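Heads up: the protein sequence lines correspond to chains E, S, C, R, U, B, Y and V, in order. When you line the first sequence up against this note's numbering, it's residues 45 to 228, in that order. When you line the second sequence up against this note's numbering, it's residues 45 to 228, in that order. When you line the third sequence up against this note's numbering, it's residues 45 to 228, in that order. When you line the fourth sequence up against this note's numbering, it's residues 45 to 228, in that order. When you line the fifth sequence up against this note's numbering, it's residues 45 to 228, in that order. When you line the sixth sequence up against this note's numbering, it's residues 45 to 228, in that order. When you line the seventh sequence up against this note's numbering, it's residues 45 to 228, in that order. When you line the eighth sequence up against this note's numbering, it's residues 45 to 228, in that order.
Mixed in with the good hints, there may be bad ones.
Stated by the list, open to error - Facing chain E, according to a computed beta carbon distance under 8 Å, are these residues of chain Y, among others:
id, residue
1, A96
2, Q111
3, D115
4, T118
5, F157
6, A174
7, A176
8, L179
9, D181
10, I182
11, P183
12, G184
13, T185
Said to hold, decoys possible - Calculated lysine-lysine pairs in the DSBU-like style (CA-CA distance at most 35 Å, straight line):
id, chain 1, residue 1, chain 2, residue 2
14, Y, K119, U, K180
15, S, K119, S, K171
16, E, K197, E, K171
17, U, K228, B, K228
Hint data in this document are derived by calculation from the structure and do not stem from the laboratory. For clarity, every value in this text was computed on a predicted model and none was experimentally measured. All residues carry an ideal CB built from backbone N, CA and C; glycine is no exception.
There are 8 protein chains.
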Amino acid sequence: MKKTSVRTRVLTGTVAALAAVGVGAVSASAETAETPAAPAAVKVDTQNKNLAQSTGLTIDAATRAAQAALDAATKAGQHVAVAVVDRDGVTRVLLKGDGAGPQAPESAERKAFTAVSWNAPTSELAKRLAQAPNLKDIPGTLFLAGGAPVQAKGAPVAGIGVAGAPSGDLDEQFAQAGVAALAK
Amino acid sequence: MKKTSVRTRVLTGTVAALAAVGVGAVSASAETAETPAAPAAVKVDTQNKNLAQSTGLTIDAATRAAQAALDAATKAGQHVAVAVVDRDGVTRVLLKGDGAGPQAPESAERKAFTAVSWNAPTSELAKRLAQAPNLKDIPGTLFLAGGAPVQAKGAPVAGIGVAGAPSGDLDEQFAQAGVAALAK
Amino acid sequence: MKKTSVRTRVLTGTVAALAAVGVGAVSASAETAETPAAPAAVKVDTQNKNLAQSTGLTIDAATRAAQAALDAATKAGQHVAVAVVDRDGVTRVLLKGDGAGPQAPESAERKAFTAVSWNAPTSELAKRLAQAPNLKDIPGTLFLAGGAPVQAKGAPVAGIGVAGAPSGDLDEQFAQAGVAALAK
Amino acid sequence: MKKTSVRTRVLTGTVAALAAVGVGAVSASAETAETPAAPAAVKVDTQNKNLAQSTGLTIDAATRAAQAALDAATKAGQHVAVAVVDRDGVTRVLLKGDGAGPQAPESAERKAFTAVSWNAPTSELAKRLAQAPNLKDIPGTLFLAGGAPVQAKGAPVAGIGVAGAPSGDLDEQFAQAGVAALAK
Amino acid sequence: MKKTSVRTRVLTGTVAALAAVGVGAVSASAETAETPAAPAAVKVDTQNKNLAQSTGLTIDAATRAAQAALDAATKAGQHVAVAVVDRDGVTRVLLKGDGAGPQAPESAERKAFTAVSWNAPTSELAKRLAQAPNLKDIPGTLFLAGGAPVQAKGAPVAGIGVAGAPSGDLDEQFAQAGVAALAK
Amino acid sequence: MKKTSVRTRVLTGTVAALAAVGVGAVSASAETAETPAAPAAVKVDTQNKNLAQSTGLTIDAATRAAQAALDAATKAGQHVAVAVVDRDGVTRVLLKGDGAGPQAPESAERKAFTAVSWNAPTSELAKRLAQAPNLKDIPGTLFLAGGAPVQAKGAPVAGIGVAGAPSGDLDEQFAQAGVAALAK
Amino acid sequence: MKKTSVRTRVLTGTVAALAAVGVGAVSASAETAETPAAPAAVKVDTQNKNLAQSTGLTIDAATRAAQAALDAATKAGQHVAVAVVDRDGVTRVLLKGDGAGPQAPESAERKAFTAVSWNAPTSELAKRLAQAPNLKDIPGTLFLAGGAPVQAKGAPVAGIGVAGAPSGDLDEQFAQAGVAALAK
Amino acid sequence: MKKTSVRTRVLTGTVAALAAVGVGAVSASAETAETPAAPAAVKVDTQNKNLAQSTGLTIDAATRAAQAALDAATKAGQHVAVAVVDRDGVTRVLLKGDGAGPQAPESAERKAFTAVSWNAPTSELAKRLAQAPNLKDIPGTLFLAGGAPVQAKGAPVAGIGVAGAPSGDLDEQFAQAGVAALAK
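If we strip away everything but chain E, and leave its shape as in the complex, we get (with noise of 0.2 Å):
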């Protein structure tokens, strides 16, 4: 069984991707020390079949396509904030450019997550409001052109949203901007 073997693959070589991911906690003895030494963690480790793997942007990958879609709101003459989230709808990355107004960071970040969290373009995502229109009363969601998902073998992996531009088919056209990044 598949679930079996992406445990094993946990054990023989994630090593690295976990190291990759970070570990928070290393000791320091320094003045004004966060987490001074010798932390007397619990020694026991969770067994594997315990464990799912997840999957997320590198905060290069992430970066880039943020930086991709600002460029191409720049090049449009639009003043935008761009945010990627990940699948757990957490900012990975904020950029709020110049001259965007101050509506507009928190909307980048609403819009990617409403796009990370079902895994569509919110200007798709608008449309089904017709349908369901309590929707948009969802927490944390905002039901405006602007946000796409990054999908790796189709299951989203993060959001994209911009804002700021005079129309949501614009702003969307800049999240797409950075997804396409991500496809080089």
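Here the structure of chain E is known, so what remains is to put chains S, C, R, U, B, Y and V in place on it, guided by the hints.
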């Protein structure tokens, strides 16, 4: 149709892990459909070089750990709440046990959040405040005994927090019972 | 010592129900004791005429219901979050299933809250908006299918909410599976 | 075993209690009906083994206690706010007395919340911070004198909080006057 | 000119009124004194020309009104929460009646807030949305029947809100019963 | 008795005062009318025995005080924010001066809130923490020098807060300049 | 190229402007010093190519505009709140006029925020909802007449919002009076 | 058409800076247009005497600084989040690096906010708490090493915050690397 083939690929490729952590958007034509048909999603899949894997608990494992912590508390005659959060600090499981006070659930979540953030039990982390007292002002944290990290290869993959017993040391014993359940 | 005698009284009186829903404060002398000895509590017990009983689910029942809802979703290939709230709208159980989107947990909690508040499935409640559209502006609510009340003698004692499936009708099927598990 | 007998009592005698704490949804055909006719609720009633009873104050008792606390303050020439919260920390009664400052209502609610959470007067709880100083970082709490638990058979069933007098000791005297009113 | 005469009266006779609405800080030497002795307050009193009087309910009146609204609901077999807010929208009295749902208290407060803000019953205000639908996006408001203003000389001095009955019209009847109690 | 005479005066002369503090709802038939014609308000006026008067600053006075505080800061070469809150803690005037840091406005509001709540300068109140350290955990407060109460007949009618200067003592000098402007 | 010349001006002439908008940290040795001596700040000054200038109102201008809006309302017998926000949406001036309802201040701030975000009066923006109804879900916005942008060379540098009059059209007249005061 | 001429004026006047920081509203006729054509904006331009310039980083510079800080951390084997805020405390860039804990992003933003508010590194500011311990209660701040101001002519124009390394001193080294990147 595309979406089905996506699932097929999920089954056959290395992306079983992706299946494990889910897809999230499947079409449906129900009357009150929240995510109706034909999402017209972005076609471009992101490249592997852009991707990083992260490790977390399955919901089965997280539930088992939370239940084990609650059982340990009940056996000791204590009334507690138990939380399991993932590496992103997002709650996977919350159980407010019978008779737990109103302060217990959020206290449990914060202890779990704190433990996974610094990859150490909160009893240890509370001692670190002697050197860096303002650590406890970081939003979302609680520096009280009762939180324990769950580790895979030494890296934090989840946090378990317990609150409601008359002492934090008791709370942490129960949290550790939850961790221990994952080692079996 | 006082506190022990309190427990003794709990054991011997009609307050077994109270014991079931817990006491909350028991002394302990641990070094990091959160609630140390000798509370010197108020001596006056309130009279029975001042008291009302309310009914809720045990944590065992609430967990079983949530698990049944999640199992039903998993069987149907859906990735969801499940919440069980009590009559006061307080979350007793939250399970964020594997692959559930970031919007799912709060959506599930709000559906459960809405169902227990009006003692009706949220699919029914959503229809009521035709007459009273501003109902949906009440804080904490979500008028999307997926929430179901748990009743005892016809009165609401809990709410179960599910979110994450492509349609609210599916979500509500899973929620009802959770309710049904309590009838066995 | 006690727990079973509790359930038995639930079966035989608690119907009135259930009625007393309400149903919440009754049909009505008013033009702006918030909860219109024929809820089509779930038919399955949960089993008794799944239920637990909890004890709280009636609104009459809670109001009487709050009024007694306010009267005691007025008699002493003090301007205060009074809050009564239930075992879940939810406010049942809030009175902002004439001349009470803007900080008083939330302060009163938090003192009440803290008292019911640990089943002890907040003057006692404040002393416990010497051993566990971070207890006061638990959300919703306030470790200032002025809160008192209401007990039934030694278990906390409500909390009364008073704020606004020049000293917390005075506030707590008034809160205790509220508790005492329930013993008559 | 009227305004001056008002100020004159303030000079000659309103000291009692000021006392009635309180001072807030009186010295005390209790061990846990919240406001210890010798405040060394600013010596300069503001001039009368700088002052304006505003009118509100006494806490006795506000409590009587809230109780009357709750009694009316109880008589009708409904389980509601009642709130009385002052002209500033600040809650003076909150009663969560027996059996009221968890959504009721905040709903009642918002209805009261809305009624006092526009000096009209919320059933009337809800109709105004036909012309200005975005009024309901103003923070703190709720455009559902159930709120009624309390007036003195036609000006709003308080708002009473009721929530929890199956229709807003019923809620508003109870709120009006609260208003009527102040006319006796 | 004083209180009655106050009410008598309310009956005979306070209409202008009521007008002064506003009515709030006047009909209008504008296209986007927020509060359209014929409110059909409740006819019953509340009785005088139910009413209490409270004293506050006019907006003219509050603005003058805030401006005086800001001018004093500017003269001293400091960049600050100034807030004036009423006896209910509600902001009447907020001025974010040129060059004031982003932390200044809320800091100024909280200092003003704290000063009016305890009717004392915040420099005094900060000293009281030596005896009652947890006072500072009351929501909305800030125990830093820079807040001063405005008094009428010794009772607090407003608070002025200043933030942004390099020391709280300087901030409080500016706040006192604001208070002093009301004595002229 | 223009941008370079801007930077050149920054080099040669903007020091005064920088002084005008403040430094924020000056040493002081007062007893309660918030920012004591010897900041030991980073020595490296950023390069001019890294800098952009943005334009806002002086606090004097912002206050004058707010006062003009309030005066216009008072002249019309209306009781309103007025807010002036800068290009970043941050409140520079808030005036809660005599008799303004509790809903007015935040409503005014949101109208001002909305006007500056889209550089158009909110009466215009409200019409745009016909095409893009979900625009109004962007956090911080309010699509009700009463907000007006302040422009310099056509670009938005501030927003003025007014709330509390019986129609949004009236509110916007007052806001425009505030804008007009800046043209003199 | 007006809007074009506006841009022309931007090009020719001293307002190139305005162009640099953007305009924000340009018409568009897209189907889902967020800001459709013909805004009919207020015609009155504010006078120069009313305007003040403020200095900030371009998004290019802010991104470069954030990237430099992140690179320094990565080189040192640390997993951190980096934030760059402007003089108003608004986030311009946020990067949550690979493996950074869930507490890191908000911690980084608050350190950056604190550094720009007082124009000093947070390691310095933390020492100031010895004299003024309640400074740390100002909302939005965090007095932990890891924040550094960006200065132009000695005035703060931005703040850089880093969080996630085992000591605040390490975090601050990385933040300073970000500042240094702007000096090249």
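Numbers of unmet hints, in rising order: 2, 3, 4, 6, 17
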